[in-house]
Amino acid sequence: MDNTLQKTQNGKRRINVSKGKEKTVGALFFVCAGLSVVAVFGIIAYILYASVPAFREYGFFQMLFGAKWNTERGEYGLLTMLVNTLVVTFGALLIGGTIGVFTAIFLVFWCPDRFHLRYEGKNRALRRIARAVNAINLRTVFDQVIKLLSGIPSVIFGYFGVSVICAMIKGMDVYGIGKGPLASALVLAIMIVPTIASLSKNALEAVPQSYFEGALALGNTKAQAVFRVVFPAARSGVVSALILGVGRAVGETMAVAMVSGGRVFFPEGLFTPVRTLTTNIAIEFADAGHAWDDPLRSALFASGFVLLLLALVVNLSLNLVPKEYKGKKGTKQLRGQGGEAVYRKKGLVPEILKYAAFFMAALVVAVLISIILFILINGIPHLSWSFLFGPSDFSHPSLLPAFISTGYVILISLAIALPVGIGAAIFLVEYAKPGSKLVKVIRTFVDTLAGVPSIVFGLFGNLFFCKIFGDTYSVVAGSFTMALIILPTIIRSTEESLIAVPASLREASYGLGAGKARTIFKVVLPSAFPGIATAAILAIGRIVGESAALIYTSGMLVTTEGSAVNPMNMGATLTVFLYMCWAEPNSYLGFNQAYATAVVLLLCTLILNFAVYLIQRRVQKKQKR
Amino acid sequence: MKDRITETGAKNRLDRFDFTGETAVRVEGVDLYYGDFQALKKIDMTVKKHEITAMIGPSGCGKSTLLKTLNRMNDLVEGCRVEGKITVGGRDIYAKDTDLSALRKNVGMVFQKPNPFPMSVYDNVAYAPRTFGVKKKDLLDEIVERSLKQAAMWDELKDRLKKSALGLSGGQQQRLCIARALSVRPQVLLMDEPTSALDPISTGKIEELCEELKQDVTIVIVTHNMQQAARISDKTGFFLLGELIEFGETEEMFTSPKRPETERYITGRFG
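Those protein sequences? They're chains A and B, same order as listed.
For reference, each letter of the first sequence is one residue, going 1 to 625 in this note's numbering.
For reference, each letter of the second sequence is one residue, going 1 to 271 in this note's numbering.
Next comes chain A alone, as it looks inside the complex (with noise of 0.2 Å):
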């Protein structure tokens, strides 16, 4: 694509403006921006066309209306599973969204800068370790916090949930065992948190300081400042954290399919085992025949497409969020507040919510510090040099073909999705008319990517994918469809760090004579680089929590006998492997394997958080200079 000099005969660089070159360089960026429209159409059309059968023998309706799901009696409505996806997810809305918008207050408001240790001892040591302590900038710690939440595999909540959250519950079951709704409600919420403490930060800080500050001159106490007019101001962002929240809990699999008890009955309690749409999926498709018109499989199609309707039903819902205030200056300042202020007559209601704030943010902490200590404190004492590293087979797996697996996957989405998304985006920022319908669309379609559940990808991945790649799975597959679950990510990163990119420095480089096309890539991308190696890294957690979207597409097999070397076999990832030491448990792969293989996941977490944090610091301190 190097189109723009060139050398003439004489020997001075002539500039090369070829119209026919820099069309065709735009029309390549237009079909990436395209894909995600494909996407988004291939996926629900494959899928309505895989449980055509089911709806043909049962009737669309009896199948969304009817309460009975007996496979051996071919009995296959879908009504009961539908409520329990609509229960569980409402009730980890109310867990879930409480705690993570009062935390966004939390930090947003009240959470300090850093500690104010005082030592004045003489002891040295002491006094450096003050020194440091203080020295902590405890908002970013916050936020990390929230971003490490956010980055844990799903399966891990998924045991969090069964050993300890169900342990907690267990008493107040008649039964003891703790599973079901009660259960999946609370692992969901922990599991969507992050998403709405985080978007609901956004929203709050892009309220005008002004507001605040009015406020305050009013005569209003902080607190009071904050509730009675910071926070409404917010509403609709923190309504679209609820709805992205939502659309977590929905699409959530794993977790819930490990504390939800799996069976096929109405909620009657908060410990009667339940089934939702997901976990219907991820429980009965490998008892589904091959056939296209299995009634088993073709009924599991249509649950995930059900599922898909209930999911663009909540995205499409975001649109509806009344934009009625746009924040032009917000602000992350809202602090001070003199130690020694005294109000007399304090508002009691936005002091408890104040108190509620610093509450769940406590418990937040508190909650992620459990998870690590239980993983760590299970975990470490199963890890071994044979058991990450070793050969694997049936009475000795190792996570070696499991590592290898996962970084096939990582690879090869990368791969796809990386040019294409980027593609798609310099389509958006740098072609297309900003504002444009064409714009609005595409983006409309990226954003309905991002929000379909994973396990739908899976079946997606399943239908397309595997049939494409020898009618199997393979970890082909499972990188291909990775790779759709990744594009909406890179392609809204990358979009964001485009347009940060100063305008200046493309007319310096178009003053120059350069093309478009050269400026792009000279200029333009060079810069956006840290916004883009920051959604490769997000995107590659992603790929290593996921499960859902893997278990009928790569596959679930654990040993090597020289296959997992070969991309075109299946082979489970890590993710995948630590889901089924609960799924396919024998004497040799269960719990104890699974808290290993969490260890090495949590640290793999660690690790991507710790390299994202680095390179936003970096750019952060060169915004500075």
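Heads up, some of the hints might be wrong.
[As the list claims (entries may be wrong)] Partner residues aside, some chain A positions facing chain B, computed with beta carbon under 8 Å:
| # | residue |
| --- | --- |
| 1 | Ser210 |
| 2 | Gly214 |
| 3 | Thr221 |
| 4 | Gln224 |
| 5 | Val229 |
| 6 | Ala233 |
| 7 | Gly347 |
[Claimed, not checked] DEER-style ranges, computed between Cβ atoms:
| # | chain 1 | residue 1 | chain 2 | residue 2 | range |
| --- | --- | --- | --- | --- | --- |
| 8 | A | Ser436 | B | Pro200 | 36 to 44 Å |
| 9 | B | Thr255 | A | Pro322 | 51 to 59 Å |
| 10 | B | Thr20 | A | Pro322 | 46 to 54 Å |
Just so you know, the hints here were simulated from the structure itself, not pulled from any lab data.
Don't be surprised by glycine CBs; every beta carbon is placed ideally from N, CA and C.
Keeping the supplied structure of chain A fixed, place chain B upon it in accordance with the hints.
Below, chain B without anything else, positioned relative to chain A:
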């Protein structure tokens, strides 16, 4: 002209501020630091009741800073330290037991950029009374009407009280903010360059309004516009690099300034 808000929740606090005397605000030997930077140096100033006091000076001279110390909005700035004594209505407002909400109820503030809350016109004006515990609908209605009338915009707005305040023009928004500040019957009204974001016509309206409000409240206004200070104020203070260079009758200051710096500034030779 007393309405019931002063008698509802705020009674026992209000009597701590005593505005019966001549002086509304007294600033005595005030130094103010932002970290190591000294933004105000030994300021002495007396604001008389029912007068308009203007503060002028080049950007960064400390006039807005001084204004914000009068209702302690400077508390928001981290590392801000005030030394000296500021009395409002006979009370040292930096004393440890100062009730900030009572202070800010008595010392209202209007900001440089209009900052109506994203609520209806009515809710904006009713906001502060509600904060102070007024719940009765008819009392709130009364306060809203009185405040909007005081801000000379009742006729403009009485039919759109339920509309969002963000839909008003910039000048209207600013006058609404004045009405909002007046809703709790402050004794002192601080105005931080209230017209700098407005067009000349809206500016004229606000200046007119200040003249009228003088009967009810004491106004301290920071302005970049010297003509504005000359037009509306009774007293003027000229600030330079954190010092109050000259303070006195406005007419005198603009006709025969005592200090050469003041003369150079008002004749436009620096600043």
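In rising order, the numbers of the hints this structure does not comply with: none
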